[in-house]
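Numbering-wise (the numbering used here), the sequence shown opens with residue 1 and increments by one.
These are computed hints drawn from the structure, not numbers from a lab. Hints are not guaranteed to be accurate.
Here are the simulated distance ranges between beta carbons [what the hints assert, rightly or not]:
no.: 1; residue 1: Met-205; residue 2: Ala-114; range: 16 to 24 Å
no.: 2; residue 1: Ser-18; residue 2: Val-39; range: 23 to 31 Å
no.: 3; residue 1: Leu-121; residue 2: Gly-308; range: 17 to 25 Å
no.: 4; residue 1: Pro-135; residue 2: Ile-314; range: 35 to 43 Å
no.: 5; residue 1: Leu-321; residue 2: Ala-53; range: 42 to 50 Å
We put the beta carbon where it would ideally sit given N, CA and C, even for glycine.
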Amino acid sequence: MTASTPNHALTTSWLKRSDQWRQASARLEQLRVDGQLDVDTAGAIAEDYRLLARDLAIGRRVAAGSRTTQFLEATYALLHAQLHRPAVRPAHLLASLFRERIPEAVSSIRPQLAWITVLFLVAFATGWWAVSAAPGLARLFASQEMITVVERGELWTDGLLNVMPSAVLSVQLLTNNVLVSLFAYCCGFLFGLGTLYIIGINGVMLGALFSMTATHDMQGRLLEFVFAHGLVELSCICLAGAAGAAVGEALIRPGIQSRAAAFAAANRRVLPIVLAVIVLLLGCSLIEGYVSPNPDIPFGAKILVGSGYFLFMIALLQGWLFGRGRTRPKSGVAGAVPDIP
Numbered sequence: 001m002t003a004s005t006p007n008h009a010l011t012t013s014w015l016k017r018s019d020q021w022r023q024a025s026a027r028l029e030q031l032r033v034d035g036q037l038d039v040d041t042a043g044a045i046a047e048d049y050r051l052l053a054r055d056l057a058i059g060r061r062v063a064a065g066s067r068t069t070q071f072l073e074a075t076y077a078l079l080h081a082q083l084h085r086p087a088v089r090p091a092h093l094l095a096s097l098f099r100e101r102i103p104e105a106v107s108s109i110r111p112q113l114a115w116i117t118v119l120f121l122v123a124f125a126t127g128w129w130a131v132s133a134a135p136g137l138a139r140l141f142a143s144q145e146m147i148t149v150v151e152r153g154e155l156w157t158d159g160l161l162n163v164m165p166s167a168v169l170s171v172q173l174l175t176n177n178v179l180v181s182l183f184a185y186c187c188g189f190l191f192g193l194g195t196l197y198i199i200g201i202n203g204v205m206l207g208a209l210f211s212m213t214a215t216h217d218m219q220g221r222l223l224e225f226v227f228a229h230g231l232v233e234l235s236c237i238c239l240a241g242a243a244g245a246a247v248g249e250a251l252i253r254p255g256i257q258s259r260a261a262a263f264a265a266a267n268r269r270v271l272p273i274v275l276a277v278i279v280l281l282l283g284c285s286l287i288e289g290y291v292s293p294n295p296d297i298p299f300g301a302k303i304l305v306g307s308g309y310f311l312f313m314i315a316l317l318q319g320w321l322f323g324r325g326r327t328r329p330k331s332g333v334a335g336a337v338p339d340i341p
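Sequences and hints are given; from them, build the entire structure.
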């Protein structure tokens, strides 16, 4: 009797179970498509898992690298991922997004957020100084109609609620603000250069408008209109720009990864920030549509609304509203072939 006889017998016995493997693969596909199974099928799948684990271990010994062993590895990996997949609970996923993923994403872009904020403040000061030194430059940032209205001692925002209802105004503002923020985010993909332009031009424009109204001693009225929604709205633009800059930095310095992999990883990391920005801008649009242009609401109340909403934004971004600090189980990588004892 040769030494290979035991292995030959084991291999023959192993291959005879190919029909069981195909049945296991069919039940796995049913599980992936339907998501729900009857008790008998669920029990059969549990047996399939043990069968595949045992036969994969045998295959690695007697036929390593063969197509049959590769089939068992793929089937076992998919079945392992399906059986160990956590239950889908939308409320839990939403709470996890705001409790953990958004704060983690914000923490990861702190350097970019810091220099984006500095850039905005410098741009604001530059716009103010430029229009103060040369008032004619205001035409670069404001229409002739806006300039004429200010020269009459009024603001272009006066009587805004007489033009359209607050609900319509809020929808228009939300659409515009979301588009600006998404544009600031996507422009960061140009190796961060697009973010410099978007943040810079918005800062210069706002500074120029405040300087233009200051020449007619109306900067206080503009601040009264802007304050309630502006703190969070401008913060959202800076957050979106910082998220885009983080993606751009990943393209510039991908590390050991390829640029495509670094780009994809950075996008996944900062995407929760974009979602948070959209949620916050919804509140800004409601405030800007119902509170900011309403002359019956005193400035003190608008300061209270703006400051309160800004604190709400901080709490949201830090995860405090959803009890940040709770631990969550770490899940394995779906699709990986687990070790078989």
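A quick look at each hint next to the structure:
Against the hinted window of 16 to 24 Å, the Cβ-Cβ separation of Met-205 and Ala-114 comes to about 22 Å, which satisfies the hint. For the pair Ser-18 and Val-39, the beta carbons lie near 27 Å from each other, so the given range of 23 to 31 Å is met. Separation of Leu-121 from Gly-308 is about 23 Å and conforms to the stated range, judged on CB atoms against 17 to 25 Å. Restraint check, Pro-135 to Ile-314: a C-beta distance of roughly 37 Å satisfies the suggested window 35 to 43 Å.
Taking 42 to 50 Å as the suggested C-beta distance range, the pair Leu-321 and Ala-53 conforms, at roughly 44 Å.
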